[in-house]
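Numbering (the UniProt record's numbering), first residue to last: 1 to 144.
Because the hints were derived from the structure by calculation, they are not lab data.
Just so you know, even glycine gets a beta-carbon here, dropped at the ideal spot from N, CA and C.
Treat the hints with care, as some may be off.
As the list claims (entries may be wrong) - Once the Cα atoms are required to be at most 27 Å apart in a straight line, the calculated BS3-like pairs of lysine-lysine come out as: (1) Lys96 - Lys107; (2) Lys127 - Lys13; (3) Lys107 - Lys127; (4) Lys96 - Lys47; (5) Lys44 - Lys89; (6) Lys47 - Lys13; (7) Lys89 - Lys127; (8) Lys107 - Lys89; (9) Lys44 - Lys96; (10) Lys96 - Lys81; (11) Lys89 - Lys64; (12) Lys107 - Lys44; (13) Lys107 - Lys13; (14) Lys13 - Lys96; (15) Lys64 - Lys13; (16) Lys44 - Lys64; (17) Lys81 - Lys47; (18) Lys81 - Lys13.
Said to hold, decoys possible - Ranges between beta-carbon positions, derived for each pair: (19) Glu16 - Ser38: 32 to 42 Å; (20) Trp50 - Ala132: 14 to 24 Å; (21) Trp50 - Pro3: 17 to 27 Å.
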Amino acid sequence: VVPYELLMPFDHKELELLVCGYSHIDVADWQASTSVSSALRSSKCIKWFWDILEHELTADDRAKLLRFATGSSRVPLQGFKGLTSYDGKLCPFSLKAVPYTRGVFPKAHSCFNRIDLPIYPTRELLKEALMALVNLEMTEFTLE
Numbered sequence: 001v002v003p004y005e006l007l008m009p010f011d012h013k014e015l016e017l018l019v020c021g022y023s024h025i026d027v028a029d030w031q032a033s034t035s036v037s038s039a040l041r042s043s044k045c046i047k048w049f050w051d052i053l054e055h056e057l058t059a060d061d062r063a064k065l066l067r068f069a070t071g072s073s074r075v076p077l078q079g080f081k082g083l084t085s086y087d088g089k090l091c092p093f094s095l096k097a098v099p100y101t102r103g104v105f106p107k108a109h110s111c112f113n114r115i116d117l118p119i120y121p122t123r124e125l126l127k128e129a130l131m132a133l134v135n136l137e138m139t140e141f142t143l144e
């Protein structure tokens with residue numbers, strides 16, 4: 001519980017920003033603050049990923065993808081560099097390459113702000129997978 005005196009200087013909009021973060025997703029900031037595995041960095045798939053995010057997903061779709069990956073559809077006040085893990089410690093967004101097999105989708109580790117991204121052989125297959133993810137109605141999280 002936060003003492004009332006500490007909250008008094010803020011109006012409701014400022015408090016919302018402090019608690020919830022920004023709804024606007026800056027793809028350039030997301031990309032600049034992302035750790036990418038070396039296997040993914042050397043593939044065309046990473047270029048396709050960012051290109052699809054920036055040019056083909058709507059703002060709402062980007063928010064859904066962010067929620068899939070981090071558990072939140074909003075960006076911290078500090079931008080993507082301010083993402084934290086389940087324990088409140090700074091934890092940058094990361095993309096890890098995994099082998100592609102037909103019918104496999106990206107997998108999220110939202111406690112660690114990570115997506116395991118299959119190395120799709122074509123841009124179209126990657127786009128289909130990302131669109132399937134953002135069109136899912138996620139109502140629960142599971143543990144492995």
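Q: Verify the proposed pairing of Lys81 with Lys47, using a straight-line Cα cut of 27 Å.
A: holds (20 Å)
Q.
Check the hint pairing Lys107 with Lys13 against an upper bound of 27 Å on the C-alpha distance.
A. violated (34 Å)
Q: Measure nothing beyond the straight line between the CA atoms of Lys44 and Lys64; if it is 27 Å or shorter, mark the hint as holding.
A: holds (24 Å)
Q. Can the restraint linking Lys107 and Lys89 be considered satisfied, given a maximum Cα separation of 27 Å?
A. holds (22 Å)
Q | Status of the given 32 to 42 Å range, CB of Ser38 versus CB of Glu16 | A | holds (39 Å)
**Q.** 27 Å limit on alpha-carbon distance, applied to hinted pair Lys13 and Lys96
**A.** Not satisfied, since the Cα-Cα distance of roughly 36 Å exceeds 27 Å.
Q | Satisfaction of hint between Lys96 and Lys44, Cα-Cα up to 27 Å | A | holds (14 Å)
Q: Mind checking the alpha carbons of Lys64 and Lys13 for me, to see if they're no more than 27 Å apart?
A: holds (23 Å)
Q: Starting from Lys96, check that the Cα of Lys81 is at most 27 Å away, please.
A: holds (18 Å)
Q) Do the alpha carbons of Lys127 and Lys13 lie within 27 Å of each other, as the hint requires? A) violated (36 Å)
Q.
Can you confirm whether the C-alpha distance between Lys107 and Lys44 stays at or below 27 Å?
A. Measuring from Cα to Cα gives roughly 19 Å; hence the hint holds.
Q: With respect to the beta-carbon atoms only, verify the hint that Trp50 and Ala132 lie 14 to 24 Å apart.
A: holds (19 Å)
Hint compliance for this structure: hints 2, 5, 6, 7, 13, 14 and 21 are not met, and every other hint is.
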